[in-house]
Amino acid sequence: MDLKEFTTDLVKEAFGEYIVDLRFSGPYEDEDLDVDVILKGKPVDFEGRMLNVFRQMLDADFDVLIDYTVDGELEQNC
Amino acid sequence: MIELDFAIETLANARAFLQLEMRSQWIYRILLARLYYAAHHLGRLLLRNVELTPEQWHRDIHHRVWRELRQHDVNIGRMDIRTLNILERLRRRRIRADYELHFIIRDEYMDEAAILLADYLNACQQILGVM
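Chains as they are written, first to last, in numbering that gives the first Met the number 0: chain F, 0 to 77; chain Z, 0 to 130.
No lab work stands behind these hints, which were simulated from the structure alone. For each residue, glycine too, the CB sits at the ideal point set by N, CA and C. Among these hints, one or two may not hold up.
[Unchecked claim] Listing some non-contacts, in silico: residues in chain Z with all C-beta distances to chain F over 10 Å: (1) Y36; (2) N48; (3) D59.
[Claimed, not checked] Reference listing, derived: stretches of chain Z covered by chain F, where coverage requires no fewer than 3 residues with Cβ under 8 Å from a Cβ of chain F: (4) 61–70; (5) 77–89; (6) 97–107.
The whole structure should be built from the sequences, with the hints applied where relevant.
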C-alpha cells in the first residue's frame with residue numbers, strides 16, 4: 000500500500016474542498032510519515048473530521064503524524 | 000507523580016515565555032519539544048497505572064504509547080480519542096521543530112500548541128483523579 004496515497008485519500012475524503020495543500024515530509028525518526036494539512040478555514044465540524052482521519056489511521060496501525068493548520072498560520076521560508 | 004509535575008511546570012514555563020513575548024524561533028523550537036515530551040511522559044504514566052512498563056520498551060516507543068493508550072484508556076472510555084489525538088499533533092510539531100529548520104513558526108502555531116498541552120494535561124489529571 001502506498002502510504003501517501005492512503006493518507007491523501009483519507010484526508011481528502013474528510014476535508015475535501017477545505018484543503019489548500021497537503022505537504023508530506025519525513026520520516027525523520029521512527030514515524031512512518033509526516034503530513035501537514037493546510038486548510039482554507041476550519042469547518043464547523045473540524046474536530047469530528049480530524050478525529051475520523053485519526054481513527055482510521057490508528058485502525059490501520061500506521062504511525063503517520065498529521066497536523067492541521069489554517070492557511071497563513073504556518074509559513075515556509077523558501 | 001513526577002510526570003504530572005513536569006507537565007504542569009512545562010506548561011507554566013511555556014506560558015511564561017509566551018506572555019513575556021519571548022517569541023524567537025529558537026525559543027519556539029525548544030518549547031514545542033518540551034510540550035510534546037511533557038505529554039509523552041504523561042502518557043507513559045497512565046500506562047504504568049495499568050501495569051504496563053513503558054520504561055522497558057526499546058523500539059517504536061512513541062507509536063507504542065499511542066497504541067497502548069488507545070487500547071487501555073480510549074477503548075474503555077477513560078480517555079477520549081480527541082485527547083489521544085493531541086499527543087499526535089504535539090509530536091508532529093515537535094518533529095517539525097527539530098528537523099524542519101527552514102520553516103518559520105508563527106505565533107498562532109506556537110500558542111495553539113500550548114493550548115493543546117493544557118487540554119491534554121487537564122484530561123490526564125481527570126483520569127488520574129487529581130482534579
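Open item on the list: Please check whether the beta-carbon of Z:D59 is more than 10 Å away from every beta-carbon in chain F.
Closed with: Since the minimum Cβ distance to chain F is about 6 Å, Z:D59 lies within 10 Å and the statement is violated.
- [ ] Decide, holds or violated, for the assertion that all CB atoms of chain F are farther than 10 Å from the CB of Z:N48.
- [x] Nearest chain F Cβ is 21 Å from Z:N48, so the label holds.
Task: Within 8 Å of chain F (C-beta), three or more residues of the region 77–89 of chain Z - done: holds (count 6)
Task: Annotated coverage of the region 97–107 of chain Z by chain F, confirmed only when three residues or more have a Cβ within 8 Å - done: It holds: at least three residues are needed, and the region 97–107 of chain Z offers 9 whose Cβ sits within less than 8 Å of chain F.
- [ ] Quick one: see if chain F covers the region 61–70 of chain Z, three-plus residues with Cβ-Cβ under 8 Å.
- [x] holds (count 5)
TODO: Beyond 10 Å from every chain F Cβ: check whether that's true for Z:Y36.
DONE: The claim holds: Z:Y36 sits with its nearest Cβ about 13 Å from chain F, beyond 10 Å.
Checked against the numbered hints above, the structure breaks only hint 3 and satisfies the rest.
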